[in-house]
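Participant: These are the residues of each chain, in order.
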Amino acid sequence: MTEKIVSKEDLKKILEGLMKTSELLAPGKEGDLVLFKPVKNPEEVFFAYPNSLKPVKEFFFPPREELFKHEIREGKVGLSSEHQENRKRVIWGVRPCDAKSLLMFDKMFDGEYKDSYYLEKRAKSVLVGLACNEPLDSCFCLSLNAGPHAKEGLDVLITDLGDDSYLVEGITAKGEELFQGCGKESGEGERTRKKELEEAAKKKIRKTCQPPPDLESFFEDPYWEKVSRKCISCGVCTYLCPTCFCFDLSYEGRDCIRFWDSCSFSPFTKMTSGENPRREKKTRYRQRVYHKFSYFKKNFGEIACVGCGRCLRECPVKVDIVEIVNQCSKDKTKD
Amino acid sequence: MFQSEFKKIIPYSPYRTLPAEIIAVKPYTSLEKLFRLRLKGNAEFDYVPGQFMEISIFGSGEAPISLCSSPTDKGYFEITVRNVGSLTGALHNLKKGDLIGVRGPFGKGFPIDDFFGNDILIIAGGLGIVPLRGLIRYIMHQRKDFGEVQILLGCKSPEDMLFNDEVEQWGRHIDILFQCTVDKADPDWKGNIGLITNLIPGVTLNPMRTYAVVVGPPVMYKFVIKELLKKGIPDRQIILSLERRMKCGLGKCGHCQINGIYVCQEGPVFKYRDLRTLGEAL
Chain A
1 MTEKIVSKED LKKILEGLMK TSELLAPGKE GDLVLFKPVK NPEEVFFAYP
51 NSLKPVKEFF FPPREELFKH EIREGKVGLS SEHQENRKRV IWGVRPCDAK
101 SLLMFDKMFD GEYKDSYYLE KRAKSVLVGL ACNEPLDSCF CLSLNAGPHA
151 KEGLDVLITD LGDDSYLVEG ITAKGEELFQ GCGKESGEGE RTRKKELEEA
201 AKKKIRKTCQ PPPDLESFFE DPYWEKVSRK CISCGVCTYL CPTCFCFDLS
251 YEGRDCIRFW DSCSFSPFTK MTSGENPRRE KKTRYRQRVY HKFSYFKKNF
301 GEIACVGCGR CLRECPVKVD IVEIVNQCSK DKTKD
Chain B
336 MFQSEFKKII PYSPYRTLPA EIIAVKPYTS LEKLFRLRLK GNAEFDYVPG
386 QFMEISIFGS GEAPISLCSS PTDKGYFEIT VRNVGSLTGA LHNLKKGDLI
436 GVRGPFGKGF PIDDFFGNDI LIIAGGLGIV PLRGLIRYIM HQRKDFGEVQ
486 ILLGCKSPED MLFNDEVEQW GRHIDILFQC TVDKADPDWK GNIGLITNLI
536 PGVTLNPMRT YAVVVGPPVM YKFVIKELLK KGIPDRQIIL SLERRMKCGL
586 GKCGHCQING IYVCQEGPVF KYRDLRTLGE AL
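These protein sequence lines map, in sequence, to chains A and B. Note that this note's numbering numbers the first sequence so that position 335 is 335, with each residue one more than the last. Numbers in this note's numbering are just positions in the second sequence, counted from 1, shifted up by 335.
Calculated from the structure, these hints are not laboratory results. Model, not experiment: these values are computed from the prediction. Glycine is no exception: its CB is placed at the ideal position from the N, C-alpha and C atoms. Fair warning: there could be bad hints in the mix.
What the hints assert, rightly or not - Below are the BS3-like pairs computed for lysine-lysine, each with C-alpha atoms no more than 30 Å apart in a straight line:
{"no.": "1", "chain 1": "B", "residue 1": "Lys519", "chain 2": "A", "residue 2": "Lys69"}
{"no.": "2", "chain 1": "A", "residue 1": "Lys174", "chain 2": "A", "residue 2": "Lys114"}
{"no.": "3", "chain 1": "B", "residue 1": "Lys368", "chain 2": "A", "residue 2": "Lys114"}
{"no.": "4", "chain 1": "A", "residue 1": "Lys270", "chain 2": "B", "residue 2": "Lys409"}
{"no.": "5", "chain 1": "A", "residue 1": "Lys13", "chain 2": "A", "residue 2": "Lys37"}
{"no.": "6", "chain 1": "A", "residue 1": "Lys282", "chain 2": "B", "residue 2": "Lys368"}
{"no.": "7", "chain 1": "A", "residue 1": "Lys69", "chain 2": "B", "residue 2": "Lys368"}
{"no.": "8", "chain 1": "A", "residue 1": "Lys20", "chain 2": "A", "residue 2": "Lys174"}
{"no.": "9", "chain 1": "A", "residue 1": "Lys270", "chain 2": "A", "residue 2": "Lys203"}
{"no.": "10", "chain 1": "A", "residue 1": "Lys270", "chain 2": "B", "residue 2": "Lys491"}
{"no.": "11", "chain 1": "A", "residue 1": "Lys151", "chain 2": "A", "residue 2": "Lys54"}
{"no.": "12", "chain 1": "A", "residue 1": "Lys151", "chain 2": "B", "residue 2": "Lys519"}
{"no.": "13", "chain 1": "A", "residue 1": "Lys151", "chain 2": "A", "residue 2": "Lys204"}
{"no.": "14", "chain 1": "B", "residue 1": "Lys557", "chain 2": "B", "residue 2": "Lys519"}
{"no.": "15", "chain 1": "A", "residue 1": "Lys282", "chain 2": "B", "residue 2": "Lys587"}
Unchecked claim - Covered stretches of chain A, as calculated for chain B (at least 3 residues, CB under 8 Å):
{"no.": "16", "segment": "12-21"}
{"no.": "17", "segment": "260-270"}
{"no.": "18", "segment": "281-292"}
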């Protein structure tokens with residue numbers, strides 16, 4: 001792993017170069033919102049933001065994706081070959097929490113069945129991380145084996161040291177390659193400064209997520225009815241969640257389409273017969289909690305949450321999944 | 336798990352479909368039709384009764400549908416579909432010679448290996464007879480591999496009965512005990528009237544060597560299981576098939592998940608013993 005110091009000017013030059021050679025996506029302002037979008041001008045790349053409104057999952061697992069098309073040729077039905085643009089893609093400014101979420105997607109889409117649509121996008125992408133110096137009150141990554149300066153899932157990590165200088169830590173070969181031939185070697189002082197920033201950021205994260213180890217035993221508890229009462233089943237938490245991956249498949253004309261779906265919605269489990277195993281809201285809310293904090297952990301060894309806090313910040317009725325999970329055992333003893 | 340043709344395309348995209356030709360259509364009731372299908376190019380197709388296919392029609396979508404034939408039926412496979420939605424409606428409009436898309440087979444079918452040499456009690460309610468018809472055909476084709484075979488069939492009315500031509504054969508078969516009951520019928524109906532649950536207490540069986548295979552609407556399971564346990568059949572020998580929205584068939588899309596398992600992968604056929612701990616199953 002190499003470390004170097006680059007200036008703001010260096011970064012601008014690198015961005016300019018990447019714009020020419022790759023598809024470059026970075027956070028930019030859209031009114032009051034910060035969103036990842038194609039970079040047209042390096043000046044527009046935004047560094048001072050807590051986190052983007054939407055996670056980066058949409059670039060690997062788009063909200064609506066055409067999987068393949070049926071074609072009629074000489075009266076016969078055939079499948080058209082799927083085309084994916086194979087140009088290198090650089091996603092710049094990814095927060096460590098979002099990078100970690102992609103490792104969970106890998107577990108899902110790179111298992112027994114290889115999801116070529118996802119894996120092709122993964123293979124052509126380079127993730128440039130931006131360490132988090134100013135976490136929000138709603139962030140809780142520290143309690144989920146992640147952190148504001150965590151490197152897991154990233155190809156390179158940039159830390160803003162202030163004074164227009166940045167510490168660049170190469171993590172993978174394709175990450176290091178982006179910064180070849182620029183900047184200077186990092187010194188002891190700069191490394192100390194980075195450590196200080198990391199410690200300061202960690203101290204700012206006070207929210208912790210501590211699901212009870214015996215979460216399974218609360219499955220039939222009336223608690224879920226109580227805590228889900230104010231949920232309006234809008235699905236915002238699932239759409240903005242970097243680890244939610246449930247989807248639906250359909251046809252639009254002759255195109256096979258995959259699109260995001262949400263366990264918050266009643267039709268999610270509804271069958272043609274009219275039977276619906278999760279008609280009640282409490283069962284849907286419980287599904288979301290258990291999928292993240294119990295089932296995924298059982299199947300893949302870790303909780304399907306990275307502590308980005310988007311679901312808390314953007315919920316229209318302020319449902320706080322962390323509080324709900326943390327309080328679950330205490331509530332039980334109260335009853 | 337997958338037959339060879341589907342296996343070939345999985346590495347490229349598990350959502351790709353294989354074209355299958357409708358080689359016969361047989362209407363059974365005003366709502367249900369049987370479709371006999373063959374993979375294009377007559378490709379080999381292997382499966383276990385109780386498994387399902389993802390069936391698709393351009394512009395209408397895709398849905399999980401049980402196979403209702405037996406792998407011992409060579410050269411074709413069959414599905415029986417009720418016309419209730421847009422996809423099933425579109426399917427009902429198709430005729431012999433038309434093409435549909437298929438993926439699969441998916442999931443775990445009936446544990447036939449466990450059944451060998453044992454007695455089988457088949458309990459079918461409503462559309463539950465559809466996947467069970469595949470098992471019944473399998474048993475009839477390999478009759479000597481099984482002990483006593485009993486079939487209890489329940490449906491709304493005699494007019495709603497599926498596979499009535501075959502049901503008649505089951506009734507006449509000397510090697511199969513067959514009973515049928517309907518919820519309501521005209522006075523000239525000679526069979527039983529009432530719930531299928533009422534037939535169970537009168538069944539003679541050796542519980543330790545009996546596998547009860549139950550498929551029907553969710554509401555039926557609770558009552559039937561209670562009766563079977565009363566008969567002394569162990570929970571590992573009570574076999575059920577769950578209906579869920581098994582959209583992708585690959586354990587990914589999330590629709591069929593219950594308590595951390597994907598019904599499309601671990602099921603749809605389960606031993607009751609394994610469902611007892613899954614709060615959302617029944």
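Participant: Can you list which hints this structure breaks, lowest number first?
Facilitator: 1, 3, 4, 6, 9, 12 and 16
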